[in-house]
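One letter stands for each residue in the lines below.
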Amino acid sequence: MPELQAVNPLDRFYSEDHPELGSDPVPTEPYVSQSYFEQERDKVFRQSWLLACHESEIPKPGDFVVKDAAIFNASVVIVRGRDGMVRAFHNVCRHRGNKLVCTGEAGHAEAFFCKFHGWTFALDGRLRGVPEQDRFPAFDKSQHALKPFSMQMWKGFVFLHPQANPKQSLRDYLGTLADPLEAFPFEQMRLMANYSGTLRSNWKVAINAFQEAYHVPTVHAVSARTLFVSRLCDFRFHGPHRAMTLPISPDFKPKPVEILSSRFTTGMSQDAVDKSDAGGFPGTNPCGTANFSFDINIVFPSSFIDVGEGYYFTYEFWPVQVDEVHFVMKLYALPARKWSQRIGQELSRIFLREGISEDLSTLESTQEGLRSGALPDMILSDQEIAIRHQYRIIEGMLRG
Amino acid sequence: MQKDQPVPDVSLPPSFESLAHLAGEWAYATESARREKRATSSMPVLNEYYNLVGPLVPAIADHLDTFAVSTPLPEPERRLFQLAQMYMEVAWAVEFVGEPEEPGQVPRQRWHIHDID
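Just so you know, the protein sequences line up as chains S and P, in that order. Okay, so the first sequence: first residue is 1 according to my numbering, each after it adds one. Okay, so the second sequence: first residue is 1 according to my numbering, each after it adds one.
The hints are simulated quantities; they were obtained by calculation from the structure and are not laboratory data. Note that the structure is a prediction, hence the values are computed from the model and not measured. Take these hints with a grain of salt, some might be off.
[Said to hold, decoys possible] Distance ranges between label pairs, derived from CB positions:
id, chain 1, residue 1, chain 2, residue 2, range
1, S, Ser196, P, Arg78, 36 to 44 Å
2, S, Asp134, P, Glu75, 50 to 58 Å
3, S, Arg46, P, Gln109, 52 to 60 Å
4, S, Glu38, P, Ala39, 33 to 41 Å
5, S, Arg399, P, Ser70, 50 to 58 Å
6, P, Glu99, S, Lys60, 37 to 45 Å
7, P, Val69, S, Ala290, 48 to 56 Å
8, S, Glu395, P, Glu75, 19 to 27 Å
9, S, Lys255, P, Pro103, 15 to 23 Å
10, P, Pro55, S, Asp24, 53 to 61 Å
[Claimed, not checked] To give a feel for the contact side, a few chain S residues facing chain P, derived at Cβ under 8 Å:
id, residue
11, His18
12, Pro256
13, Ser340
14, Asp382
For every residue, glycine included, the Cβ atom is placed at its ideal position computed from N, Cα and C.
Input sequences plus hints: build the corresponding full structure.
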């Protein structure tokens, strides 16, 4: 009997493990069709939990973030109350519907004050003040609190759901994707970088740019040509969600500033990192991949929680229109214990920002190409299996 | 004065006075201001900064590590720290790109840096 050969995870053909995903080209209509987009809104986004922030971003009572979710025609304010609890409300005054919080995406408030007629709401949503209240006959303030928006938390992450009574709890929704991440010390990390913007591309064009590494030698020729290989490995499908691992190339040739930075930090990890004897940082690299860099975890449909040794970063992609997407990208890391570590972390922040900029650089031109109708479908390599998985999941939800 | 403007006092800790002439123009408190400074500077200017500051970064780190990270730095040290942060920004242009900005990217004005400093 021939001896089984261990296959390098970078050399594996993952499609062979997943014949159910097929191998045919996938249609381009889902990227350009208005009717497809409307079906996605009703049958995908209205059925899903969406990442909005991490509670560490609103540490003090009165700290809040606002999420404008065009896909639901909703604006949501997420706020920490005086009792320490995090709540989510429709960002809508209960009087005539004016938006309560209009400026920026985050801030601090002692109460929410409507600029239209001056109604005031406490941080827990209760209606506190109504000018000339006696002009409202038989008015009961307790009946006019801010309307709650469905919200649940897992490991400090705040997720929103557009339905008042979601059929599935957040933890059930996350399923086995969340299992290995339970050990990751998200709660110890702090926000280090926060970027946002709006681009003229379908939301899936944006997602696709972050779920394969085939593009590394071209798109990241400046930032990471020698740092990463052009292949992801250990593709893991968890129901509608997906995970995969990106290794560092054994041929990595660091630049002088990277060598300098590594004297202060190891990537974004700190010397205080508690690595287990089993190898690796808790909650990362579940397959024990050599030369581990970070795990990509895609929470269906459009959120990422990518974890590395001592840091993690999140991406949120919020569809606006069929050909418009709003992105939010955040980097979190263990707090520096020395000023030199903060200097090292600065390079990590720049590296992530510029790498993201490279990833975003193709989205609008890809959307233009797809919109031209020149391609009825697109051919995908084995390394683009996550795109195929995404297509099958969405098709199943739309047709099923 | 807005927080992304260079600070008017340009004094540095005594052992780093050789960099004092840079502090007024290069010590920025925010990531967005540092990025803008890099993007709007010429390569000869960026190279000059890179060559002047780079050799001193290890000594800067050693000096700053004598202060607790949990408390605000004295003003001269704070400026020194910002010069080191700016060095990382400049090194990106010098070592990786060879230009102040990487060509072909989404214009920086189209996405927003929410400063965390």
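Evaluated hints:
| no. | hint | in the structure |
| --- | --- | --- |
| 1 | Ser196(S) x Arg78(P): 36 to 44 Å | violated (28 Å) |
| 2 | Asp134(S) x Glu75(P): 50 to 58 Å | holds (55 Å) |
| 3 | Arg46(S) x Gln109(P): 52 to 60 Å | violated (34 Å) |
| 4 | Glu38(S) x Ala39(P): 33 to 41 Å | holds (39 Å) |
| 5 | Arg399(S) x Ser70(P): 50 to 58 Å | holds (56 Å) |
| 6 | Glu99(P) x Lys60(S): 37 to 45 Å | holds (42 Å) |
| 7 | Val69(P) x Ala290(S): 48 to 56 Å | violated (33 Å) |
| 8 | Glu395(S) x Glu75(P): 19 to 27 Å | violated (60 Å) |
| 9 | Lys255(S) x Pro103(P): 15 to 23 Å | holds (19 Å) |
| 10 | Pro55(P) x Asp24(S): 53 to 61 Å | holds (58 Å) |
| 11 | His18 | violated (33 Å) |
| 12 | Pro256 | holds (6 Å) |
| 13 | Ser340 | holds (4 Å) |
| 14 | Asp382 | violated (28 Å) |
In this structure, the hints that do not hold are numbers 1, 3, 7, 8, 11, 14, in rising order.
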